[in-house]
Structures are given as structure tokens and as C-alpha cells.
Amino acid sequence: MSAGPVGTAPVSAPALERPVTGPRGRTAVRVGPVSVVLRWRHLLVPLVALVVLVLVSAVSIGRGDYPIGIPDVLRTVVGLGDGPQEFIVLRLRAPRVVVGLLVGLALGVAGAVFQTFARNPLAAPDTLGITMGASVGAVAAIVLSGGTSAGALLGGLGIPLAALLGALVTGLLLFLLAWRAGVDGYRLVLVGIALWSMGAALVDWMLTNAEIYDAASAYVWITGSLNARTWDQAVPLAVALAVLLPLALATGRALSVMQFGDDTARGLGLRLAGAQAAVVLLAVGLTAAAVAAAGPITFVALVVPQIAVRLAGGSRPPLLASGLLGAVLVVTADLVTRTVLPTALPVGILTAVIGAPYLLWLLVRGRRQLT
Amino acid sequence: MTTTADAPVRGGAAPSGTPAARRTARGRRLAVLLVLLLLVVAAGLASIAVGTRSIGLGDVWRGLLDSDLTTEESVIVRQLRVPRTVLGLMVGAALGVAGALMQGHTRNPLGDPGLLGVTAGASLAVVVAIWAFGITSPGGYVWFAFAGALAGTVLVYAVGSAGRGGPTPVTLALAGAALSALLYALVRAILVSDQQSLDAFRFWQVGALAGRDADVAWQVAPFVVLGLLLAVVNAPALNLLGLGEDVARGLGQRIWLARAVGLAAITLLCGAATAACGPIAFVGLVVPHVVRALTGPDHRWLIPGSALAGAVLLLTADVIGRVVARPGELQVGIVLALVGGPFFLALVRRRRSMAL
Chain A
1 MSAGPVGTAP VSAPALERPV TGPRGRTAVR VGPVSVVLRW RHLLVPLVAL VVLVLVSAVS
61 IGRGDYPIGI PDVLRTVVGL GDGPQEFIVL RLRAPRVVVG LLVGLALGVA GAVFQTFARN
121 PLAAPDTLGI TMGASVGAVA AIVLSGGTSA GALLGGLGIP LAALLGALVT GLLLFLLAWR
181 AGVDGYRLVL VGIALWSMGA ALVDWMLTNA EIYDAASAYV WITGSLNART WDQAVPLAVA
241 LAVLLPLALA TGRALSVMQF GDDTARGLGL RLAGAQAAVV LLAVGLTAAA VAAAGPITFV
301 ALVVPQIAVR LAGGSRPPLL ASGLLGAVLV VTADLVTRTV LPTALPVGIL TAVIGAPYLL
361 WLLVRGRRQL T
Chain B
1001 MTTTADAPVR GGAAPSGTPA ARRTARGRRL AVLLVLLLLV VAAGLASIAV GTRSIGLGDV
1061 WRGLLDSDLT TEESVIVRQL RVPRTVLGLM VGAALGVAGA LMQGHTRNPL GDPGLLGVTA
1121 GASLAVVVAI WAFGITSPGG YVWFAFAGAL AGTVLVYAVG SAGRGGPTPV TLALAGAALS
1181 ALLYALVRAI LVSDQQSLDA FRFWQVGALA GRDADVAWQV APFVVLGLLL AVVNAPALNL
1241 LGLGEDVARG LGQRIWLARA VGLAAITLLC GAATAACGPI AFVGLVVPHV VRALTGPDHR
1301 WLIPGSALAG AVLLLTADVI GRVVARPGEL QVGIVLALVG GPFFLALVRR RRSMAL
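The listed protein sequences correspond, in order, to chains A and B. For the first sequence, the positions run 1 to 371 when this note's numbering is used. For the second sequence, the positions run 1001 to 1356 when this note's numbering is used.
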């Protein structure tokens, strides 16, 4: 938020000749010409998140009308299960968990990228209008499919494709309208506000004009749900993420340089316009893929990066940790809604119910101000 | 203080800080406010004259002046159009000012006044009013919405200031985002499982001036007036806070007092507006950015400017909404975003945006 070009420099350990322990939890390691600052919490948080993710996913796959123990689930996933269990685990239950996991991963990373890029803890696909664009597409497909010819066309596409289209169009508009020989983070935010407002108005307009049955099913979609997801949704999402996620994680270096402001980044040898375009478009792509699969699951992209930066330390939301924590949150929320609650609420409700108190707790006991 | 506030103003011919430059800047800002005031009057007259039944300006004038007149036109003017116009004026001004205060206090361009828990709290209260008490008229929601808005803000402020650092803008914004998400989750949980509530709630959620009678305007008026007064009082302190809390403290500003006054004003203004019309995000988000580009970041000018511009914007959108979908009308919240959005985009692209 502080737009000062020189914020808190993340690296303060001097390049010394032997390993030294830095101020707190940092160790500088030098091997030949390469020197790295090791921050233990940066390594520990993703690792712990990964372990928790595997466990929660296994529990989630195991729970249901026919309970399966965690060891059996893990054995089946690596290909050592027996017939009926294999069918239940791989055919029936795994797709839903896989979609949830991948969506959380994509939204967490996309949120962290946007927040770092705009230097604003409130910047996220949700506040910048991208998920709202997806909602416009999906709600139009649900509500208008009976009526006008354009609506019938959208309805023929199917809801996921309409959502994907909406998110991509909005994301591209965001990028193009914010582009003027480079993307300024501040202009991106302002353009995002306008796109979000217009999308919200369109959604509200369609909801008020729709039949109440259509409005109700549209409302469930807007909340974000994992109901009835199969490999048909999981496989395209996995393919998209296999391409986009490594590229997005690779922008981490460019992002940490951009943090110092445009002039400094240029001075450090970053090709600024290209890097900005890559960062924004990758985050848009991740969001669009996630939203097409499960709807705009609220809260993940906006708040998980803030949780991640408070856990892992550092001066900006860590990309990988944000993604893994996002996956943990979505899978956990889905597990809770399927097992604990009497009626199965859409997962988008539970992500906020589980995630918000945790962020609030971190805020209350937090020591220093982070942006 | 004046010099620091004047320094970033663009377009001043002379170097800023000199008396001549200060005079030019002040003249420019006065001109901006004057033009906005004229626009408010024009939009107000249009709002009284235009509708399902168009009324000539002559009839408007007679209907306003002569309260004994009982022609159909004068009754429409006095009983329907004037209350609606007054409500639109108040809500527009309230939202514009609340947005300016919110962006000033959080120093965040995404600082929607509803972020402090106002909108989420009001939404939850209205949903409960519909779901549990079976209330379905906009007039019936007002006190529920207002109580919900107050409760939401108090909750956000309590959590945001519970940390060791106290209520910093970042913790407040994040606490607001987290608590809003939590409250909306409850709203959604009810709406997803009860179709009847959704049926009533979707019309409140859009944000509209239609169907609010004069009572609603009178109910929220005291809160809007009080909020506007607090906002004006808060303006100089907000300028100091813009220099950073440490500098402001060094210059003798009591930080907590300034924050408390500002937050109280935001809550009153945004809460009253939301109670009367439902959640309208666009005005609070966009108006301060537009006005800041005209008057500069000095809050003593930005706040009155935002009040006037907010009123113009809301009334104009309401009039457009009555014209485009005859014989029905399009709700003001929808028109605002769909017509105002492209305009704002053009503005953002054309100018070098004025950072907070």
C-alpha cells in the first residue's frame, strides 16, 4: 500500500564469506560465486502446507457413504488398491477433491501475484472484476438460455465455457485498458474497479429479471460449488495449470524486483513492459481456468495470500505458499460441507467461514504492519 | 499544511507555494465546486420533471411553490418526485463523501466505504428481516439495515484495533474484508437454502430509489447531516494523516481522535445510504477519484466536491433509469455502473491518475 519506491528491502544479510545467521530466521549461504539468503520459514510453510494438503485430501476422499481409511486411499492413489476401492476413489471421489485442490492452488497464486503487482492487499481477481466477468458469462448462460438468440448461443456453450469466456474477456479488457506502454499497478486497480462495478450491475440486472428458479441456480453458481464435478472438469483444469502454474511461479523473481518501483526495476535490468504483461496475463489465465471449473469461490484469492505472508514472513505474499494454502482451504471447506454440515452448502460459503476467523486471529496477534 | 496540500496540484501555472499559484489553485477549485453545484440543481430539476409522466418545468415550479394546488401534476411533484429527488441527493452526497473519507483513511484506491463491514452488516440484517420476520417492503428494511451497518462497523473496528499495532489502515481494511466475507457467507447460506428470501433480497441488493416514500428520506436525513458535518470537521486532520501517522503525530494531531471521527462519519453516511437504497458501491468507489483529478488531494476541497459530484451522479443515473426502460424503470445501481463505468474508464485512460 505504501507506494514508496523503496519499501522494506527483503534481503538485509550482507554477502559474507561463510554462512552466518541473519537477523532472525535468515541464513546467508555462499557457494562459489552464488550467494543465497535462506529463510527457513519460507521453506517450512510450503512444506507443512503440502503435508496438510495430502492428509486433508486423503481424508476427504475417504469420507462418504462407504468410508475408506487414509492408508487405503493413499495406496489406491499410487495404484496399489483393489477393484471396488479403486472405482470409488478414482472414479467417484477423487475428481471433486482434485478440482477443489487445483482451484485453490490457482486462486491462491493468482491472488498473490495481483497483490504483489499492485502493491495492494485488497487487489485480487475478485476485486479487479475478473471473477465478476466469469459470473456475467455463467449467469447469462443460466438465465438467458431460454430467451434471446445470444443467450441461446451462450447456453449452448455450457456454463463452464461461458464462465471461462467471461473471465478471459474481462481479464483481457483489464490488461488492455490498463496498458499504456506498460501496466501501472495503480491504473490496473482503477480499471479493475470499473470493470467490477459494471459486471456486478449486469449480474444484478440479470438476477432481478430472471425467473426465481433460474436466479436461485445462478446464485449457487456465483457462490462457487464443487458439486457433481468429474474428471471432465478436472482434466482440462489440470492441463491448464500444468502450463500456467510453473510460468506464474517463475515470475516470482520479476515480481520481487518490480516491488521496488518501476525505475529501480528497470535499473536492475528488468524488461519492465514485457514482465508486467506476463505477470498480469498469467494471473488472469489462472483465475479464468479456476473459475470455469468451480465458479468464483470467494475469499481464497483475496485473503489466502495475506494469511501466507503472515505465516511465511517476508515482504510480499509468497506465491507457492499462497497456492498451497489456498488448496488446503478449499479442500478443507469442501470436506466440512460434505461431512459436518446437515445440508451440503456450496463450498464458497465455507471457505470464508473457515478462512476469515483465521486471518482475523493472525491480525489480532500480528506484530508488524504488512502491506 | 496548505503548501504541502497544494504542491501536487497539477495545472498550476506558477510554481506551487507562491501566493499567486495558491490563488490560481483556489480559483480553479472554487470554479469546480460552482460548476458541480449548478449541475446538482440541473439534475434535481430533471429528476422532478422526468418520469413515466413528463411534467413541464412550469408545472414543476407551480407544484413546488403552491402547496394548495391539487392538479395531478402538482401532486405527483410533491408526493412522489420531490421525496425521491431529496433522497437521491442525500444518498449521492453521503456515498461520495464516505468514499472520499474511506480512501483517505485507508490510503487505498480500492477503499470502498462498504468495506468496513457496512454493506455486509446491512445485507445480513436485511436477509434476516426477510427470512425470519417476513418483511418485504423497502421502507421496512431501513432500521434493520441501519442497525446491521452499525453492528458490522463496530465489529470490524473492534477486531481491527485489537492487534498490538492498534487500528492501522491495513489491519482495518483486512479485518473489514475478512469480516465482510464472513457475514456474506451467512447471507449466502440463507439465500442458497431459501428461495423466497432470495426472491425479495435480489431486488434490495440492486440498489434503487424507487418505492421509497418520504418517510424513508426523513428517517435517514439526520444521520446523513451529522455524517456530513463530521466529514467536514475531519478534513484538515485527514490531510495531516496523509503525510504519515508519525508526521501527523509530530504536528500535534491526535491520531485516534481523527480516525474515530472519520470512521464515525463513514459509518453514518454509508449506513444511512445503504439503509435507504440498498448497497450502491459505484459512487463511493469512483466519485472521489474523479473529483481528486479536478480539485487535487486536499480533503477540504475533495470532500465538498465529492458530496456534490456524488449527488449529481446518483440523480442523473436515476433519471436515465426512468427514461431508458419505459414504461418500467432500470434500478439506479445498475445504471450507475453501466453508464458511469465506461465514462470512468475513459477518464482513467486519458489522464495521469492522481495517486492518493
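Because the hints were derived from the structure by calculation, they are not lab data. Positions of the beta carbon are idealized from the N, C-alpha and C atoms, including for glycine. Please note that a few of the clues may not be correct.
[To be verified] Per the computed footprint, the stretches of chain B lying under chain A, defined by three or more beta-carbons under 8 Å from a beta-carbon of chain A, are:
1. 1167 to 1180
2. 1227 to 1240
3. 1306 to 1312
[Stated by the list, open to error] Not close to chain B: a few residues of chain A, all C-beta gaps over 12 Å, as computed:
4. V29
5. V51
6. L190
7. W231
Do at least three Cβ atoms from the segment 1306 to 1312 of chain B come closer than 8 Å to Cβ atoms of chain A?
violated (count 0)
So V51/A supposedly isn't at the interface. Is its beta-carbon more than 12 Å from every beta-carbon in chain B?
The claim holds: V51/A sits with its nearest Cβ about 26 Å from chain B, beyond 12 Å.
No chain B beta carbon within 12 Å of W231/A's
Given a closest Cβ separation of 26 Å, the condition holds.
Decide, holds or violated, for the assertion that all CB atoms of chain B are farther than 12 Å from the CB of L190/A.
violated, 5 Å
Determine whether the non-interface label on V29/A survives the test: each CB of chain B must be over 12 Å from its CB.
Holds, since 33 Å exceeds 12 Å.
For the segment 1167 to 1180 of chain B, do at least 3 residues have a Cβ located nearer than 8 Å to some Cβ of chain A?
Satisfied; 10 residues make the cut.
Can you tell me if the segment 1227 to 1240 of chain B counts as covered by chain A, using C-beta to C-beta distances under 8 Å and a minimum of three residues?
violated (count 0)
Violated hints for the displayed structure, listed by number in ascending order: 2, 3, 6.
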